[in-house]
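Asker: Protein chains in written order, with our numbering: chain A, 2 to 131; chain B, 1142 to 1276.
A portion of the hints provided could be inaccurate.
Listed next, the stretches of chain A that the computed footprint assigns to chain B, with coverage defined by at least 3 CB atoms under 8 Å from CB atoms of chain B [as the list claims (entries may be wrong)]:
| # | stretch |
| --- | --- |
| 1 | 44-52 |
| 2 | 107-116 |
Calculated cross-link-like contacts (lysine-lysine; reagent style DSS-like; alpha-carbon spacing at most 27 Å) [unchecked claim]:
| # | chain 1 | residue 1 | chain 2 | residue 2 |
| --- | --- | --- | --- | --- |
| 3 | B | 1252 | B | 1193 |
| 4 | B | 1224 | B | 1193 |
| 5 | B | 1193 | A | 3 |
| 6 | B | 1146 | B | 1193 |
| 7 | B | 1203 | A | 99 |
| 8 | B | 1224 | B | 1147 |
| 9 | B | 1241 | B | 1203 |
| 10 | B | 1147 | A | 3 |
| 11 | B | 1252 | B | 1224 |
Sample of chain A residues at the chain B side, in silico, Cβ under 10 Å [to be verified]:
| # | residue |
| --- | --- |
| 12 | 81 |
| 13 | 85 |
| 14 | 119 |
| 15 | 120 |
I should point out that these hints are in silico values taken from the structure, not numbers from a laboratory. No experiment lies behind these values; they were computed from the predicted model shown. Using N, Cα and C, we set each Cβ at its ideal position, and we do this for glycine too.
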Amino acid sequence: MKFGIQVNEGPYTHEASVSALNFVKAALDAGHEIFRVFFYHDGVNNGTRLTTPPQDDINIVQSWSELAEKHNIDLVVCVAAAQRRGIVDEGEQERNGKDANNIAPGFRISGLGQLIEAGIQCDRLVVFGD
Amino acid sequence: MSDVKKFMYINRKAPYGTIYAWEALEVVLIGAAFEQDVSLAFMDDGVFQLVKGQDTTELGIKNFSPTYSALGDYDVNKIYVEKESLEARGLTLDDLMPLKYEDEDDDWAEKDSIRVVTAAEMAEILEQQDVVLSF
Chain A
2 MKFGIQVNEG PYTHEASVSA LNFVKAALDA GHEIFRVFFY HDGVNNGTRL
52 TTPPQDDINI VQSWSELAEK HNIDLVVCVA AAQRRGIVDE GEQERNGKDA
102 NNIAPGFRIS GLGQLIEAGI QCDRLVVFGD
Chain B
1142 MSDVKKFMYI NRKAPYGTIY AWEALEVVLI GAAFEQDVSL AFMDDGVFQL
1192 VKGQDTTELG IKNFSPTYSA LGDYDVNKIY VEKESLEARG LTLDDLMPLK
1242 YEDEDDDWAE KDSIRVVTAA EMAEILEQQD VVLSF
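All chains should be built: construct the whole structure from the sequences, respecting the hints.
Answerer: Structure representation (structure tokens):
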């Protein structure tokens, strides 16, 4: 089955991101396809490489990056939600005249259309959040 | 498989206090360009999103409620509001914004977009959907 995933909450404050991470791993293990993971609301905070959790804690951002690299998963951060919350890639940095960027490896910033497309293309869209 | 899917956006949260309601509406507006079969559901505190006469001047944040009135122009005209959620909050249909759309199959007659349904009816509506986005 082809899954689309929506993550609506940031790492650590809320369990949604880790639950989504576990769901994606389990789905891949079971032979399913992950079409895309779309990060919305505070979920965009899963996409900053500047996250530095204590060493004895899981690094959620890094876990997403590693998963994306290993399984070639499309991790998309919503541009409108990202702009509000300061998640920036090189293109956004240049476009908005910012002095830095912070997007984590394996993530890309794009529009809400990517979420709708996931809904259209996938057999199931699974939303993680409150 | 048909290219048109039934998309349902469920709105459960109050309009202010958190950004969920406003960012959910942004998804609906963008999604409207994809020409899918779109419905909206309002339940729990989400019913407050449709209350008329919203005034956020004292809050110092943007009042986005006028945007709901534009949904009809985006061909988003199936708006289901859960009866039990309204009643639990002392609200009736008269407390909600009169959202309208023009029915192209009926000589562009102006019709109401909002339909108040029971929780049991809402469950049946949800059962018919292909894609359910919950906010």
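Asker: Checking one constraint from the list: CA of residue 1146 (chain B) to CA of residue 1193 (chain B), max 27 Å. Satisfied?
Answerer: violated, 31 Å
Asker: Tell me if the straight-line CA distance from residue 1224 (chain B) to residue 1193 (chain B) falls inside 27 Å.
Answerer: holds, 17 Å
Asker: Are the Cα atoms of residue 1252 (chain B) and residue 1193 (chain B) separated by 27 Å or less?
Answerer: holds, 18 Å
Asker: Go through the hint on residue 120 (chain A) and say holds or violated, using the shortest Cβ distance to chain B against 10 Å.
Answerer: holds, 4 Å
Asker: Take a quick look at whether residue 1252 (chain B) and residue 1224 (chain B) sit within 27 Å of each other, Cα to Cα.
Answerer: Holds, at about 20 Å.
Asker: Mind checking the alpha carbons of residue 1193 (chain B) and residue 3 (chain A) for me, to see if they're no more than 27 Å apart?
Answerer: Not satisfied, since the Cα-Cα distance of roughly 41 Å exceeds 27 Å.
Asker: Taken at face value, is the distance from the CA of residue 3 (chain A) to the CA of residue 1147 (chain B) at most 27 Å?
Answerer: Holds, at roughly 17 Å.
Asker: Examine the stretch 107-116 of chain A for residues whose CB is less than 8 Å from any CB of chain B, and state whether their number is three or more.
Answerer: Since 4 is at least three, the answer is holds.
Asker: How does the stretch 44-52 of chain A fare against chain B when you require at least three residues with a CB closer than 8 Å, holds or violated?
Answerer: violated (count 0)
Asker: Checking one constraint from the list: CA of residue 1241 (chain B) to CA of residue 1203 (chain B), max 27 Å. Satisfied?
Answerer: Measuring from Cα to Cα gives roughly 23 Å; hence the hint holds.
Asker: Would you check the hint for residue 1203 (chain B) and residue 99 (chain A), treating anything up to 27 Å between C-alpha atoms as holding?
Answerer: Roughly 25 Å between the alpha carbons, so the hint for residue 1203 (chain B) and residue 99 (chain A) holds.
Asker: Is the interface hint satisfied for residue 81 (chain A)? The criterion is a beta-carbon contact with chain B at less than 10 Å.
Answerer: It holds, given that the least Cβ distance between residue 81 (chain A) and chain B is near 6 Å, below 10 Å.
When held up to the earlier numbered hints, the structure conflicts with 1, 5 and 6 and fits the remainder.
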